[in-house]
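J.: Position chain B relative to chain A; hints supplied.
Respectively, the protein sequence lines represent chains A and B.
Take 1 as the starting number for the first sequence in the numbering used here and just add one per residue.
Take 1 as the starting number for the second sequence in the numbering used here and just add one per residue.
None of these hints come from the bench; they were simulated from the model.
Small disclaimer: the values here were computed from a predicted structure and weren't measured.
Misleading hints may appear alongside valid ones.
To be verified - Derived EDC-like pairs: lysine to aspartate or glutamate, alpha-carbon spacing no greater than 16 Å straight-line:
1. A:K355 / A:D331
2. B:K266 / B:D199
3. B:K266 / A:D51
4. B:K266 / A:D330
5. B:K266 / A:E72
6. A:K75 / B:D199
7. A:K75 / A:E61
8. A:K66 / A:D51
9. A:K242 / A:D275
10. A:K77 / B:D199
11. A:K324 / A:D341
12. B:K266 / A:D49
13. A:K355 / A:E301
14. A:K355 / A:D330
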Amino acid sequence: MLFWLIVIAVTAIACAALFYAAGPRTVNATSAELDDANSHFRVVLAGIDADLAAGKLGEAEAIAAKGELAREILKLKADAGRAAGTLRDMGRGPLVAGILSTAVLALGLYGVLGSPDMPSQPLAERADAAAPAIDLESAVTRIEAALTANPDDLRGWTVIAPVYLEMARYGDAARAYRRVLELGEPSADLRTSLAEALLLEADGAGSPEAMELLAAAAASEPGHVLSRLYLASELTRLGRYKEAVDAWNAALALSSGDEPWLGAAREGLAVAQNDGVAPADTQQAEMIGQMVSGLATRLAESGGSIEEWTQLVRAYLVLGDTAKAQAAFDDAVRAYPQAFDRGDLDAVALGAGLKLNGATP
Amino acid sequence: MSIELGHFSLILAFAIAVLSTVGGYAYWRSGQRIALVLRQGAVLQFVLVAVAFGALIQAFVVSDFSLALAVNNSHSLKPLIFKISGVWGNHEGSMVLWILILVAFGAMVAAFGRRLPNDLMALVLATQSLLTAAFAGFTLFTSNPFERVLPAPLEGNDLNPVLQDIGLAIHPPLLYAGYVGFSICFSFAIAALISGRIDQAWARWVRPWTMLSWTFLTLGIAMGSYWAYYELGWGGWWFWDPVENASFMPWLAGTALLHSALVMEKRNALKIWTIFLSIITFSLSLLGTFLVRSGILTSVHTFASDPTRGLVILSLLALVIGGAFFLFALRASSLRQGGLFAPVSREGALILNNLFLATAVGAVLVGTLYPLVLDALTGTSISVGAPFFNLTFGALMAPLLLVLPFGPLLAWKRADIVSAAQRLMAAAALAIFVAILVSALGGVALSLAPLGLLLGFWVAFGAVAELIDRSKLGRIPLAESWRRLVGLPRTAWSTAIGHFGVGITVLGIVSTTAWETELVTTLNPGETATLAGYTIAFDSFEQVPGPNYLSDEGRFTITAPNGSTRQTMADRRTYVASGMPTTEAAIETYGFSQLYLQLGEPLENTHVVRVWHKPYITLIWLGTILMALAGVLSLTDRKVRVGAPRRAAKPVAEPAE
Numbered sequence: 001m002l003f004w005l006i007v008i009a010v011t012a013i014a015c016a017a018l019f020y021a022a023g024p025r026t027v028n029a030t031s032a033e034l035d036d037a038n039s040h041f042r043v044v045l046a047g048i049d050a051d052l053a054a055g056k057l058g059e060a061e062a063i064a065a066k067g068e069l070a071r072e073i074l075k076l077k078a079d080a081g082r083a084a085g086t087l088r089d090m091g092r093g094p095l096v097a098g099i100l101s102t103a104v105l106a107l108g109l110y111g112v113l114g115s116p117d118m119p120s121q122p123l124a125e126r127a128d129a130a131a132p133a134i135d136l137e138s139a140v141t142r143i144e145a146a147l148t149a150n151p152d153d154l155r156g157w158t159v160i161a162p163v164y165l166e167m168a169r170y171g172d173a174a175r176a177y178r179r180v181l182e183l184g185e186p187s188a189d190l191r192t193s194l195a196e197a198l199l200l201e202a203d204g205a206g207s208p209e210a211m212e213l214l215a216a217a218a219a220s221e222p223g224h225v226l227s228r229l230y231l232a233s234e235l236t237r238l239g240r241y242k243e244a245v246d247a248w249n250a251a252l253a254l255s256s257g258d259e260p261w262l263g264a265a266r267e268g269l270a271v272a273q274n275d276g277v278a279p280a281d282t283q284q285a286e287m288i289g290q291m292v293s294g295l296a297t298r299l300a301e302s303g304g305s306i307e308e309w310t311q312l313v314r315a316y317l318v319l320g321d322t323a324k325a326q327a328a329f330d331d332a333v334r335a336y337p338q339a340f341d342r343g344d345l346d347a348v349a350l351g352a353g354l355k356l357n358g359a360t361p
Numbered sequence: 001m002s003i004e005l006g007h008f009s010l011i012l013a014f015a016i017a018v019l020s021t022v023g024g025y026a027y028w029r030s031g032q033r034i035a036l037v038l039r040q041g042a043v044l045q046f047v048l049v050a051v052a053f054g055a056l057i058q059a060f061v062v063s064d065f066s067l068a069l070a071v072n073n074s075h076s077l078k079p080l081i082f083k084i085s086g087v088w089g090n091h092e093g094s095m096v097l098w099i100l101i102l103v104a105f106g107a108m109v110a111a112f113g114r115r116l117p118n119d120l121m122a123l124v125l126a127t128q129s130l131l132t133a134a135f136a137g138f139t140l141f142t143s144n145p146f147e148r149v150l151p152a153p154l155e156g157n158d159l160n161p162v163l164q165d166i167g168l169a170i171h172p173p174l175l176y177a178g179y180v181g182f183s184i185c186f187s188f189a190i191a192a193l194i195s196g197r198i199d200q201a202w203a204r205w206v207r208p209w210t211m212l213s214w215t216f217l218t219l220g221i222a223m224g225s226y227w228a229y230y231e232l233g234w235g236g237w238w239f240w241d242p243v244e245n246a247s248f249m250p251w252l253a254g255t256a257l258l259h260s261a262l263v264m265e266k267r268n269a270l271k272i273w274t275i276f277l278s279i280i281t282f283s284l285s286l287l288g289t290f291l292v293r294s295g296i297l298t299s300v301h302t303f304a305s306d307p308t309r310g311l312v313i314l315s316l317l318a319l320v321i322g323g324a325f326f327l328f329a330l331r332a333s334s335l336r337q338g339g340l341f342a343p344v345s346r347e348g349a350l351i352l353n354n355l356f357l358a359t360a361v362g363a364v365l366v367g368t369l370y371p372l373v374l375d376a377l378t379g380t381s382i383s384v385g386a387p388f389f390n391l392t393f394g395a396l397m398a399p400l401l402l403v404l405p406f407g408p409l410l411a412w413k414r415a416d417i418v419s420a421a422q423r424l425m426a427a428a429a430l431a432i433f434v435a436i437l438v439s440a441l442g443g444v445a446l447s448l449a450p451l452g453l454l455l456g457f458w459v460a461f462g463a464v465a466e467l468i469d470r471s472k473l474g475r476i477p478l479a480e481s482w483r484r485l486v487g488l489p490r491t492a493w494s495t496a497i498g499h500f501g502v503g504i505t506v507l508g509i510v511s512t513t514a515w516e517t518e519l520v521t522t523l524n525p526g527e528t529a530t531l532a533g534y535t536i537a538f539d540s541f542e543q544v545p546g547p548n549y550l551s552d553e554g555r556f557t558i559t560a561p562n563g564s565t566r567q568t569m570a571d572r573r574t575y576v577a578s579g580m581p582t583t584e585a586a587i588e589t590y591g592f593s594q595l596y597l598q599l600g601e602p603l604e605n606t607h608v609v610r611v612w613h614k615p616y617i618t619l620i621w622l623g624t625i626l627m628a629l630a631g632v633l634s635l636t637d638r639k640v641r642v643g644a645p646r647r648a649a650k651p652v653a654e655p656a657e
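For reference, chain A alone in the conformation it holds in the complex (with noise of 0.2 Å):
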């Protein structure tokens, strides 16, 4: 009610300026005019004779001058004789027709457009914004504030190691872990568990502590899959192929034919018995070289575009070919002098050790 009161006394109220505006004045709209085109004439001729004072102008310049001017001047008073037999009278009429419509106008667009029936929300004032909902990052932080008050709590270390895994929080999943091992007892899937956020944490690299839980884990349950599965790719990994064929074995022996991960075994004890090599990368790797030969070819000659200059130099570092990457990355550079055109390129061979020789130190 208030905010239509509001509106209405705005409306009003700007009505009511433009209605007044027109208020009942007699001026001569022409007189005006004149006056201040006649003040702009007397600053020409006062600028002319100036000139001529100067000798800037000479003195048939001048009278030219003010010939032209003099035209001028009567020009315009011949237009404003003119306008002024053209009047039209705007009555009162009219407007009072225009301001009404305006109102309505304005009042009936917003019935269209606006929400008068809904109040601001600013956020300070919320009642649904007390009670914050609680998304991941807040529900861990509340955990590790409970976890530094009690750092015996068994139970809140249970919770949040996997929640740090997730995270990829990995260092942070391996101390979460540690703590639930020595707060509690050790079982195989805690063991693996531990074993799977170092890896994670070396991106990989594998370490002795990790590779003596799995085998522990392994050892401690003759039935666990997981364990004997990282097992078997670690030694895969470290190129102890016969060690790794066995555990791929085991691991394999223990399945019922229809685990998600039966694929992948098979794959990787497929590759330890060709030692290290998977028997389909001979067949890929001369493809790709002939690919990656082909596009060199095309750069060199015809040049191209540093998305495939990218391309070029990501494909040698994949293939271990430095040298190569090098070169390719000093024509690329050659070709596109600027960093700024070179995109990801700088990125991507500065951080496989590539140098940098167009540079100037």
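T.: Frame of chain A, contents of chain B only:
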């Protein structure tokens, strides 16, 4: 309730604009009454739109997420300044800012234009109201900033991180003031065409508005350029991006208009051309709006890509520009030409200026629109890049800069080119000497750089030469010269400072293009790199939380060639709400040069660090500030304010030469 009151205010302003348009065009001959109503209407429109804009700001400040605009562009954790500037960091809100500036200019005409003839006043304000009605209608019907959300979300989606910068608080308002300010010139042009009234008095009313808008636009573009330079992390200051061109074309046309209005005011010549330029300049402003908001382009500036809006703006554009040119075609022939002059004269020089600037507008327009048109017609996507613009634009600007210093030294009507050249001899000799000296010191291989320097120095010294010439420095006692110098009209100072600024900007562009050096390397904390005599030591790297982002901060110590050291910080921010990263470069200014340092993506165990040394780059923006200053100075001249020359109380007598 405040949001809804703001909404109603905008609608009421729209209704009043419609009334003013219809009433103004129907009754412009009715003398003072209609003029008074329209003046009142203009002031009311301004007050109402200001209320609407204030309501939006208020909703953003208190994080009222029942407003859809606030949900999409704000976040309760944002610092206050970015909550406020976030209001116009989007399509809908920036339209309200646009309209606010439009009605502010209308209100200024109503307030300061008491001496305007009634019919001209009525037509100007009716045209201005037509624009307001068109843009307010577009905003209300296709992109209403007052749309509400029920139920209101608890948190907003935050503003594009690139826009969370002090630049957003400054750049758009300045730029819009420039763009929209030209609407006044447009309205005056339309009024002149309808009423047939076009004389020197008309030019005298138009010129201050041109000067004001041009000053704002100059500052707005310069600010946008500097913002892109420090925020986007490439260290580039102009990219010939279509959006930049969209702001540059009205500037070029506005610069031409500024000069042609001068001819018209002083000599009553170039009338039709001035009217034409007024229309063109504002049309180019509208074209920029269309390009930015229709979704044709993709850049930081394209807020909303909505084909419906694009179509509506295109129709508006066609209506306004088409209508204006139709009127122009109808009436231009009935306008009288006036003011005769010889080819070699101040008028002639200004025409030359206009020719070059207009051609430059054409070149930029073609380069900007050709790829868009080609894409629309054939689906072939090509890009017209910096080489095209540098070549065409550079080729057009070089001769313009070459003849620029002559202009102010030529007399109106008929001038003596030999005497002007004689008076410029010293400036030319000095420019050649300094250009050679600087080139030698800078070590330039065979390139265009020395020529660019020569042009820059020539324009700068030539601008000063006019002041020296008029003060008769060295030919009369020093104290007398000083008195003459101080006594020169402000317009003379304005001309000199403006042209000097052009020279300075040219010098900045040339030197930074010719002598910029860069270094891309990998650094770890504790390591150092060197570039152009500066040693950059990477001190530390750490992650620090900001108000609504996480920041990877790299701290560096820079040792300058003279041994002084400075601490600086470059960081990469990841914004909490959007997860979007931004880079904040570390920029250290040494004299007029800058060292620009950017922290790249962190790699496995190292950081990519990019460093640029940009010699004399700040001259680019200092030059533009000088140009804007010249605009302000010219606006404060008595002649512009009251339409009368200096009172002759303390005459600076020009004895016969």
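J.: All the hints need checking, so say for each whether the structure fits it.
T.: Structure-based check of each hint:
{"no.": "1", "hint": "A:K355 / A:D331", "verdict": "holds (12 Å)"}
{"no.": "2", "hint": "B:K266 / B:D199", "verdict": "holds (11 Å)"}
{"no.": "3", "hint": "B:K266 / A:D51", "verdict": "holds (13 Å)"}
{"no.": "4", "hint": "B:K266 / A:D330", "verdict": "violated (62 Å)"}
{"no.": "5", "hint": "B:K266 / A:E72", "verdict": "holds (14 Å)"}
{"no.": "6", "hint": "A:K75 / B:D199", "verdict": "holds (11 Å)"}
{"no.": "7", "hint": "A:K75 / A:E61", "verdict": "violated (21 Å)"}
{"no.": "8", "hint": "A:K66 / A:D51", "verdict": "holds (12 Å)"}
{"no.": "9", "hint": "A:K242 / A:D275", "verdict": "holds (9 Å)"}
{"no.": "10", "hint": "A:K77 / B:D199", "verdict": "holds (13 Å)"}
{"no.": "11", "hint": "A:K324 / A:D341", "verdict": "violated (22 Å)"}
{"no.": "12", "hint": "B:K266 / A:D49", "verdict": "holds (15 Å)"}
{"no.": "13", "hint": "A:K355 / A:E301", "verdict": "violated (23 Å)"}
{"no.": "14", "hint": "A:K355 / A:D330", "verdict": "holds (9 Å)"}
Consistency with the previously given hints fails for numbers 4, 7, 11, 13, ordered from lowest to highest.
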